[in-house]
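Once you have looked at the hints, place chain P on chain W.
There are 2 protein chains.
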Amino acid sequence: MAAPKGNLVVGQSGGPTAVINQSLIGVVKEALRHEAIEGVYGARNGVEGVLREDFLDFRKEHDSTLEAVAATPSAGLGSCRFKPKEEDCKNIFQILSKLNARYFFYIGGNDSALSAGIINKIAREQNYELRVFHIPKTIDNDLLVTDHCPGYGSAAKYVAQAFMGNDADNRSLPGIKIDVCMGRNAGWLTAASALARVHPGDGPHLIYLPERGYTLKGMLNDIDKVFSANKRALIAVSEGVADSDGHTFLESEKIRAELKELGMGKLLDLFDLTGEVEELSGGAKRDAFGHVQLSGTGALADFLATVTKIYLFNKCGKKYRVRADTLGYAQRSMPGVVSEVDAIEAREAGAAGVLTAVTGDLSGSICFKRHQTQFGKYLCEPFCAPLEDVSGVNFPKGVKQYRPMEDNLITEAGNDVTPEFVEWLRPLVGQLPVKGLLKGESVKV
Amino acid sequence: MAAPKGNLVVGQSGGPTAVINQSLIGVVKEALRHEAIEGVYGARNGVEGVLREDFLDFRKEHDSTLEAVAATPSAGLGSCRFKPKEEDCKNIFQILSKLNARYFFYIGGNDSALSAGIINKIAREQNYELRVFHIPKTIDNDLLVTDHCPGYGSAAKYVAQAFMGNDADNRSLPGIKIDVCMGRNAGWLTAASALARVHPGDGPHLIYLPERGYTLKGMLNDIDKVFSANKRALIAVSEGVADSDGHTFLESEKIRAELKELGMGKLLDLFDLTGEVEELSGGAKRDAFGHVQLSGTGALADFLATVTKIYLFNKCGKKYRVRADTLGYAQRSMPGVVSEVDAIEAREAGAAGVLTAVTGDLSGSICFKRHQTQFGKYLCEPFCAPLEDVSGVNFPKGVKQYRPMEDNLITEAGNDVTPEFVEWLRPLVGQLPVKGLLKGESVKV
Numbered sequence: 001m002a003a004p005k006g007n008l009v010v011g012q013s014g015g016p017t018a019v020i021n022q023s024l025i026g027v028v029k030e031a032l033r034h035e036a037i038e039g040v041y042g043a044r045n046g047v048e049g050v051l052r053e054d055f056l057d058f059r060k061e062h063d064s065t066l067e068a069v070a071a072t073p074s075a076g077l078g079s080c081r082f083k084p085k086e087e088d089c090k091n092i093f094q095i096l097s098k099l100n101a102r103y104f105f106y107i108g109g110n111d112s113a114l115s116a117g118i119i120n121k122i123a124r125e126q127n128y129e130l131r132v133f134h135i136p137k138t139i140d141n142d143l144l145v146t147d148h149c150p151g152y153g154s155a156a157k158y159v160a161q162a163f164m165g166n167d168a169d170n171r172s173l174p175g176i177k178i179d180v181c182m183g184r185n186a187g188w189l190t191a192a193s194a195l196a197r198v199h200p201g202d203g204p205h206l207i208y209l210p211e212r213g214y215t216l217k218g219m220l221n222d223i224d225k226v227f228s229a230n231k232r233a234l235i236a237v238s239e240g241v242a243d244s245d246g247h248t249f250l251e252s253e254k255i256r257a258e259l260k261e262l263g264m265g266k267l268l269d270l271f272d273l274t275g276e277v278e279e280l281s282g283g284a285k286r287d288a289f290g291h292v293q294l295s296g297t298g299a300l301a302d303f304l305a306t307v308t309k310i311y312l313f314n315k316c317g318k319k320y321r322v323r324a325d326t327l328g329y330a331q332r333s334m335p336g337v338v339s340e341v342d343a344i345e346a347r348e349a350g351a352a353g354v355l356t357a358v359t360g361d362l363s364g365s366i367c368f369k370r371h372q373t374q375f376g377k378y379l380c381e382p383f384c385a386p387l388e389d390v391s392g393v394n395f396p397k398g399v400k401q402y403r404p405m406e407d408n409l410i411t412e413a414g415n416d417v418t419p420e421f422v423e424w425l426r427p428l429v430g431q432l433p434v435k436g437l438l439k440g441e442s443v444k445v
Numbered sequence: 001m002a003a004p005k006g007n008l009v010v011g012q013s014g015g016p017t018a019v020i021n022q023s024l025i026g027v028v029k030e031a032l033r034h035e036a037i038e039g040v041y042g043a044r045n046g047v048e049g050v051l052r053e054d055f056l057d058f059r060k061e062h063d064s065t066l067e068a069v070a071a072t073p074s075a076g077l078g079s080c081r082f083k084p085k086e087e088d089c090k091n092i093f094q095i096l097s098k099l100n101a102r103y104f105f106y107i108g109g110n111d112s113a114l115s116a117g118i119i120n121k122i123a124r125e126q127n128y129e130l131r132v133f134h135i136p137k138t139i140d141n142d143l144l145v146t147d148h149c150p151g152y153g154s155a156a157k158y159v160a161q162a163f164m165g166n167d168a169d170n171r172s173l174p175g176i177k178i179d180v181c182m183g184r185n186a187g188w189l190t191a192a193s194a195l196a197r198v199h200p201g202d203g204p205h206l207i208y209l210p211e212r213g214y215t216l217k218g219m220l221n222d223i224d225k226v227f228s229a230n231k232r233a234l235i236a237v238s239e240g241v242a243d244s245d246g247h248t249f250l251e252s253e254k255i256r257a258e259l260k261e262l263g264m265g266k267l268l269d270l271f272d273l274t275g276e277v278e279e280l281s282g283g284a285k286r287d288a289f290g291h292v293q294l295s296g297t298g299a300l301a302d303f304l305a306t307v308t309k310i311y312l313f314n315k316c317g318k319k320y321r322v323r324a325d326t327l328g329y330a331q332r333s334m335p336g337v338v339s340e341v342d343a344i345e346a347r348e349a350g351a352a353g354v355l356t357a358v359t360g361d362l363s364g365s366i367c368f369k370r371h372q373t374q375f376g377k378y379l380c381e382p383f384c385a386p387l388e389d390v391s392g393v394n395f396p397k398g399v400k401q402y403r404p405m406e407d408n409l410i411t412e413a414g415n416d417v418t419p420e421f422v423e424w425l426r427p428l429v430g431q432l433p434v435k436g437l438l439k440g441e442s443v444k445v
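Residue numbers (the numbering used here), protein chains in the order written: chain W, 1 to 445; chain P, 1 to 445.
No lab work stands behind these hints: they were computed from the structure. Keep in mind that this is a model prediction, so the values were computed, not measured. Check before you lean on any hint, since a few could be wrong.
Pairs count within a copy or across copies, as identical chains cannot be separated in the list.
When the alpha-carbon atoms are kept at most 27 angstroms apart in a straight line, the in silico DSSO-like pairs for lysine-lysine are as follows [said to hold, decoys possible]:
| id | residue 1 | residue 2 |
| --- | --- | --- |
| 1 | K260 | K225 |
| 2 | K217 | K231 |
| 3 | K98 | K5 |
| 4 | K29 | K444 |
So that you can see chain W by itself, here it is in the shape it has in the complex (with noise of 0.2 angstroms):
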């Protein structure tokens, strides 16, 4: 089918990434090449934008700020947490076809995948030709079809590095060091600590991750183990580490119960303030969403320190060095911190997108395949998957919607990941910094 003449416009919606503006500045570009486009305008903050009418004219921006923009984390025209409902998409399409807007981009994640394919849907039953398209984007790496998401690789690269100095650190300061990185469902960020080792002995010596359910003891004698053998234990827990039922460490009945065996009963009360934050301002715990706030609140890391710390303390009558961090939002928007491959396969993505869409498919989002290689050369390249089967809006109930590690990726144990999953990763990361060792045996002078 020819490709209409009208207008595009793009959004970027939900948490920002390294490289997100890579796949706007790639829609961008190659947008301005297509006759069939006539204004290329960007929508401030997502759908709100949309709904709004508050738009950005990217023809009058020059190729020098569209380069800047493209290398800077974090959504340039603005993001949103608003997930619209079918009344607001009716409100979205009217809009965009007022506009004679003939191409939208959205650039997101599940949710965008999901307000896109709505939008489309009003679309076709209006009989209006209107191409919709998704570009995947996320930190998490946890979307469906695609092997992996643009956002991932740079995410996955502060955290590698990050663990490298913590590595480091824990080396010649001799201690436990825990620290906690993002990721609510699925544990792909956090496992990207692996690639953190490169010398014998090196850390991270655990991996906790979301996909498996854990107890505090087993937990707590792991760190007791692997502190014993080497005076020190580097420790990577994801945000949404929970218990065998799911339920996340801060907000669970059996961690609650392991602590009053270990006599600690009162101290995850410490760490919830949800009553009392609540009393005082009614309720501001719960983001728009939904989802529990876990990102923003160091009350996780804070509470493995203190129960490991009291835990060996009980144990050996010592009072050992225990740190904990939460890596926090430069795990998504550090500059300078970026994986080339990942920059580049955003920004392809985005051009992908425009290119399919003027070339004749109607709607889609923007898909990774890695191909099997003879010598193992990383080889990856986009391609068209339906909204649906992305953001998951057909699967039956139950289902998950988004896509946690796989098990070969995780060890039996549960408390770290396999040589095939750093084999998978290393190529999306790319040339991490040296990590030198002074590997001398002791002397006598």
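This is chain P only, laid out in the frame that chain W set:
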């Protein structure tokens, strides 16, 4: 005086920096070039390694290993938190003289200069020719005498980049973001967040430093004002932020009284686990130096986010997006985020120490002097200062043995830095990543 023939012993002490190994390798590689210096030995874990006679022979390490170690953050020889007493220093001297060590180099902070000074004094009293040098390192930049300290530039670069990313993040998803930076006594590192400002309106919009005393109400009022004006706010807070009596927020009775007035009397208790942890483990909260443990816990950030959220809710009846991060260990040991000038100067400091030692000076600390140049070009060179001036050991009682930010570097309101500070800092950090911004006006399509 001719350089004595004998061995060189070098050690590293205190918290890591990204370039402390540049200083180590600077000492080692310069030492290997001088005939007077026979063996070049590294003491593992600083003076602890000297006391247990645990040494590494640098002549046996390959140059490629030395260069890889130089480029790796944190102490390659291992560090220690041990502050030797007079008696320990006597033992250290005994061992050094037994080993025919004629050169002792200690890379570390204020405490290391003090230790070096004591060892130096003992050697002179014993008429043993030992040349004792201190090579300064700290991310806090709070050492006396020197214009700035190796390690600071790289940590400042990390903080600047993290704030660039956090600012872009905050621009794309507006709200209030609080980032807590390291620096107990001095605000140098927190102040480096100012380099993140590139475009008009860029954050950080407020910077709180330990050099000034604050009230909670003043701070909340500042935040409210910035947020009302810009619909977003990015705030840099030093972990050492204190009330007007110098008591840090989480330990301040004044802050407690203010909270009571604001109807949040209980809030501070929720973030202070000292009592509970001590009850369960017998006082594990103080570290070996007697400092209160501020790093490695997210309590201050979580407290500030919670109090801000509740304050604004009670004032405006709206739940605003308030998040906080504690920047953590990545500030001091992030590989790949290193200031080139810092790396060069750290190496230079080590090499200059050895050159000074073999050409005549008997002891000292290698500091940097910045020259005024006609066109403002950055020009800094090392010089040798007395150990006692750097450790501040002979200062009259009550005079600070560290260097806070000078008054002209902080604005009168006390919640920002001056242009003089930014001008002073910029060459120490060097090139930062690009930060693009779509400046286009909103258009009607």
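Numbered hints the structure breaks, given as an ascending list: The structure conflicts with no hint, since it agrees with every one listed earlier.
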